[in-house]
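Let chain A serve as the given structure and place chains R, S and G on it in line with the hints.
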Amino acid sequence: MDISFSAEHEAFRQEVRDYITGALPPELARKAEADAEFEHAEVMSWHRILAQKGWAAPHWPKQHGGPGWDAARRFIFSEEIELSGAPRLSPFGLAMVGPLIIQFGSDYQKQRFLPKILAGEEVWCQGYSEPNAGSDLASLQLRAEDRGDHFLLNGQKTWTTYAQYADFIFVLARTNGEAKKKQEGISFILCDMSSEGLTVKPFLTTGGTHAFCETWFENVKVPKEHLVGELNQGWTMAKALLGHERTLVAGIGISSRALLRAKRIARDTMSDGRRLLDDPVIRQEIAALELRLESLKMANFRAIAGAQLGHAPGPESSILKLRGTEIQQACFDLCMKLMGMNSLTWFNEPGTVPDREHWVPSAFNYMRAATIYAGSNEIQKNIIAKLILGLPSA
Amino acid sequence: MDISFSAEHEAFRQEVRDYITGALPPELARKAEADAEFEHAEVMSWHRILAQKGWAAPHWPKQHGGPGWDAARRFIFSEEIELSGAPRLSPFGLAMVGPLIIQFGSDYQKQRFLPKILAGEEVWCQGYSEPNAGSDLASLQLRAEDRGDHFLLNGQKTWTTYAQYADFIFVLARTNGEAKKKQEGISFILCDMSSEGLTVKPFLTTGGTHAFCETWFENVKVPKEHLVGELNQGWTMAKALLGHERTLVAGIGISSRALLRAKRIARDTMSDGRRLLDDPVIRQEIAALELRLESLKMANFRAIAGAQLGHAPGPESSILKLRGTEIQQACFDLCMKLMGMNSLTWFNEPGTVPDREHWVPSAFNYMRAATIYAGSNEIQKNIIAKLILGLPSA
Amino acid sequence: MDFELSEDQRLLVDSVQSFVKKDSPIERMRRLRDHEVGWEKSTWKQMAELGWLGVLFPESVGGSQLSFVEVGLIIEQLGTTLVPEPITALVTAGVPLWKLGNAEQHERYLSPALGGDTSLALAYLERDGRFDARQIATRAEKTASGYRLSGSKRWVQNGHAADHLVVSARTSGGPGDSDGVSLFLLDAGQPGLRRTTVKQMDGKKSAMLELEGVEVGAERLLGEPGAALPALELALDYGAAATCTEGAGVMQTVLMMTRNYLTERRQFGVPIGSFQALQHRAVDMFVETELAKSTAILAMLDVEAEDAAVRQRSISIAKAQLAESGGFVVRQGTQLHGGIGVTDEHDVGLYFKRMHVLSTLFGDAHFHTRRFASLPSFTRNVA
Amino acid sequence: MDFELSEDQRLLVDSVQSFVKKDSPIERMRRLRDHEVGWEKSTWKQMAELGWLGVLFPESVGGSQLSFVEVGLIIEQLGTTLVPEPITALVTAGVPLWKLGNAEQHERYLSPALGGDTSLALAYLERDGRFDARQIATRAEKTASGYRLSGSKRWVQNGHAADHLVVSARTSGGPGDSDGVSLFLLDAGQPGLRRTTVKQMDGKKSAMLELEGVEVGAERLLGEPGAALPALELALDYGAAATCTEGAGVMQTVLMMTRNYLTERRQFGVPIGSFQALQHRAVDMFVETELAKSTAILAMLDVEAEDAAVRQRSISIAKAQLAESGGFVVRQGTQLHGGIGVTDEHDVGLYFKRMHVLSTLFGDAHFHTRRFASLPSFTRNVA
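Residue numbers (the working numbering), protein chains in the order written: chain A, 1 to 394; chain R, 1 to 394; chain S, 1 to 383; chain G, 1 to 383.
Chain A extracted, bound-state conformation (with noise of 0.2 Å):
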């Protein structure tokens, strides 16, 4: 047993981090510096520095224009990422409908689209949920008829999240309305953005930035070579998507990174005329949330050296999202909880409060949706009861 990064993967981690400090664009780094929220195009030109390293989608094979890592190497990769506070690039070309093209798509979809989401020259969004298919996504309604060489598609998505930005969405769609299960006659589908019919609304997240959408498909066309994998198996397209990755989801470097800024705000906080840092209960409490991140590590950690050998994810993988996610948000209540009066500020104001301190708030109010996102915290723990302890159904 090793517990260890190589001396390689070491190496590896400190030219990543040199990278990182000499490509990321003065104004990105001022950004990253203070955790401010990144504007969209901010984003994608920090797309396109990465992608011409050859790193925008460190987990694609080499033949598609992945760099080659292995796991190790894509766990320090995005670790340093979010240790850096520079974007982190949008996960729905990239790192969902990218690999599941590689795996299940159509030459002509291959081609068509793996480049371009590469390059960041078209944006992608997700588009699953509905506002009646949320936790219970089976229940989806969005209609896809077929109309010979085209599908048309009738009925609204949410949390469409950054749709006014997108170029593309995939779509889980109903192509057959009679089948027994649920889960059996719905499809997956591609469709531009520019499509006649479609309309997108955008809305404030409680951080009081924009995040989500709402999409309209009112009799929008799509050609059918847009569609992925076989007719009616959108399901397991749904469920190939979800394994991709699963060592990455435990956020641990945004937590460490959130952690770092709890100590640096109690260390530059005053309180009875000494370092909020140095209170004893402050420190322990501070303590004890890092020991409950490293904990959290060593299982990513395990989960990442199965993966090394190519092992398929152990019970150990299925905690990382549950605890990562719980996590960042304690590191976040806990930035809240040192900066005393200055949690109060929004991010609107700058100068009323330390930069380091200026986007917290915004930050401790969107990671609520943390434990919802990506199949809410509750419905994790249901597919863990079910598929790893063995539980009854209910």
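Some clues are possibly wrong.
Said to hold, decoys possible - Label-pair ranges, simulated between beta-carbon atoms:
1. R/H9 / A/P350: 55 to 61 Å
2. G/S60 / A/D2: 23 to 29 Å
3. S/R266 / A/N348: 34 to 40 Å
4. A/D278 / G/T196: 57 to 63 Å
5. S/K45 / A/A394: 53 to 59 Å
As the list claims (entries may be wrong) - Listed next, the in silico SDA-like pairs over lysine to any residue satisfying Cα-Cα at most 20 Å (straight line):
6. A/K386 / G/A308
7. R/K182 / G/R266
8. A/K201 / S/R331
9. A/K386 / G/P25
Simulated from the structure, these hints should not be mistaken for lab results.
Treat the numbers as computed from the prediction; the structure is a model and nothing was measured.
Glycine included, each C-beta is placed from N, C-alpha and C at the ideal position.
Leaving out everything else, chains R, S and G in the frame of chain A:
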């Protein structure tokens, strides 16, 4: 609004406190000081002392030998007994079957049973749960066949606490196996423990003390006049019994006493060359628990004030058992933590640790039962979800 | 012991409930959070006419001097729709003004506020002070005709809109000393006073103050020089009690909002409120709400206790419980709403934000737990 | 990075698993807890013959010097049935004996223990020391021929049965000093040494020691006088690592026991494991178990780190996590078993008790969280 007990009530508190100090025999007082487990005979001797004073059954009406106290006095009395460490009297006669007989019993039952319960001359135990009917009490299987002038009981009861000392047991038994709903067809029956065919096997708790028993009924004859209420109305009886004294279930005095114990342990334990009580982290932790207890106490006061006015128990009373038992456990968890290595002690090793700490590990272990017995906290939550929040059934 | 409302109190609660329903539903707060001031003078005047602003203060200054219970009941109901008018600021600035001020000061500064014609603010927080009113560096130097104030104050609730401000400054001693804290009355337009309006997370506004050699006459001093700390700490406990009652209103609202959502929202063919794990979470929200409501009553009653140690103990219990219970209730309320809970469009986020602010104002859980543990009552029977 | 077991390690785990199944199921521990000693010499010898006692130690003293990973794997499996033989005591006493002892001391005290002919104990805790090895008042005065030891030691694990004891005492300095701590080798029957056997909560036995002027020769001193603290602290970290791995075995067992109970126990006509609130609780148990298993690996590997600060950091992470996760898992495991969970007849209570002991031995969560926060790594990039 007024949050404080009246001067009269405060005087009553002092009277109770003085009385306990004077009346508790020295040997019991010594055990009380250490929170040692009392022998059954010791509990009964204290029962008889209280009975002579007329205080054994605070919540019985005057005509049956109760002291005629209001809800506030009953709370104060209960709290002071808990705070003193004096034996808590067995509830099965005084608090459970006694009030039920007063409410629903026949004249014969009242005359036959109540005086001896009050005087501590006959000991009772409870026969509700069965091996396959715990949380799902309505599934009970103990049969009581109608044999003209008597019932014939066959089956088994479990968690018959203190059955080894009991003269009588009250049971829920199935008198109609063909009722439509499980809750129907159950009767509430009083049974002499010396009956032929009745056997008891006591077993140890994890605290190392005797409490629970299993009790078997093999063709046990019970005279018809020992049926309480109507035939097949046992479920109504059981529910009525649960409604008694819901303002005393939080165990405020128990937790207060355990918390004071924790503070004294912290005062007398050295760490890093100073008292543990002066360690800021420890002090904050004790304070946080005391704050929770004080909050629960306020909720309890609201419930008492309502009962004083004869109101039906409000929503605040439903939380008393739930949070009360959690806080009781937390208090003993805290004592154990403060004891450090001394928490490894066991009660049959006197002299190993200070008297104050001697029984803590036993109580810490057995205290786990608090969130299980008298309707597990999970069942309590089910009830609140349905009855108070009105959430839909599964 | 009696937790029943009197007939008058019940009527008062009814009237506030009908006000929030009719005149200030949550949509009003939502609209006003983008407003420069964040609240409306007409509504403030309406509240004064309803008799809500003066309940705590004596008749001599235009109040009805009932008790803080009435204030608490009003604020609790206003909390159910996050009504933005600055009543808590009136209480915290008004209390030291009332306790330390002379008749002239009362007439000039307090009475107009109780009449709804002006509003007040209390400026006591500084950068390195955290929640401690003694940790101030602002100085008030004696001049020939009065005092010259220099320093800065932060997060002055309603400081952006107040006509008059009660400002703490040292007339002697250094940061952390109990003696030497004085309170002064400043006008909003006082020369040398610079106010910067800040939009808070909860949509309310406050002000950062710079005092650049503000010259005031001796008649602006409240009470004896250097002796204001007890009244100031009393004022902060009044403020804490107010946040506890407002928090009770917030929690009760989020609890019912969540309960209703669980009942209406369907997934997997059933209301999600039929899922046991969610039911139990809702029950925990209910339990925490009841605990916080219970300690809010404690705060309302004991804030007026004669013995400062009794008052501080009860306020710290209630404020720490508010933070714990409130934090839990709004977090779980958000979680149980799922995706819509983290959109700005849904109301639960407004309550989430406000609850964080309430937990922080006048001392967070860490501050109050420590204060609780430093009182003599904590080691009673242990010494 | 590699968490795979080697082929040899896998075989080792298999052999321990088959041992606990066949030779030492939980019933054996249950029987032995009423036994005067609490463990059996024949089994101890058997373990030695299986090669389990010497894995950590060099071949020169009769060991096989693999690594602590092998020790940890053995102890983890032994933890699944609470096997009572004193391996952790052997490790904690054996490590300083190995590190500081000379060849003669190794031969006389260490080798027989590794051969299963004797057992060892480490006596370092005192009344006012809590978990800190430096806070000791026991003194070793220099005599003509060696040392005279006076003082008392508490909670010496296996101290009641050990043939030889490694005992800490001050040759200089006072409580709290890092310098001046020395370790001595005592025989069980040493004149002036009084041992009182104590039955612990978890059914194991330990000893309280009184050292009433115990005279020993200089050859009983381990290493240089006054310089033993680093080796002693190393030994305690080995002990902590051992409790982490044993705890992992305990948690995994309670998790599976609970899972099985939830699957088998029926109420309301269905298995209670179909109730969502109980399912989610079981999932939380699973999560905590996985976290503790992960940090147990960290402890196993880093306990042998050359840099003491790295070792201390990893051990403190693992030990604090053990306390948190373990406490949660056994509490919920008990709760989900309902009534039978609090009877002495059911096994879950045995694991509940042992977990408390494991959480406490070699420093509780409070101790390790504080140690973690006092290491330089805690303020790296923050200074």
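A quick look at each hint next to the structure:
Between R/H9 and A/P350, the C-beta spacing of about 58 Å keeps the proposed range 55 to 61 Å intact. The given range of 23 to 29 Å is respected by G/S60 and A/D2, whose C-beta atoms sit roughly 26 Å from each other. Between S/R266 and A/N348 the beta carbon distance is about 38 Å. The supplied range of 34 to 40 Å therefore holds. Between A/D278 and G/T196 the CB atoms are about 43 Å apart, so this pair departs from the stated range of 57 to 63 Å.
Here the CB-CB span from S/K45 to A/A394 is close to 57 Å, well matched to the stated 53 to 59 Å. Our distance criterion of 20 Å between C-alpha atoms is broken by A/K386 and G/A308, whose separation comes to about 43 Å. Pair hint R/K182 plus G/R266 holds up; C-alpha atoms about 16 Å apart against a cutoff of 20 Å. Proximity of A/K201 to S/R331 is assessed by CA-CA distance (about 27 Å); at most 20 Å being required, the pair is judged violated.
Proposed proximity of A/K386 and G/P25 is contradicted: the alpha carbons are some 29 Å apart, above 20 Å.
Against the hints set out earlier in the document, violations occur for numbers 4, 6, 8 and 9.
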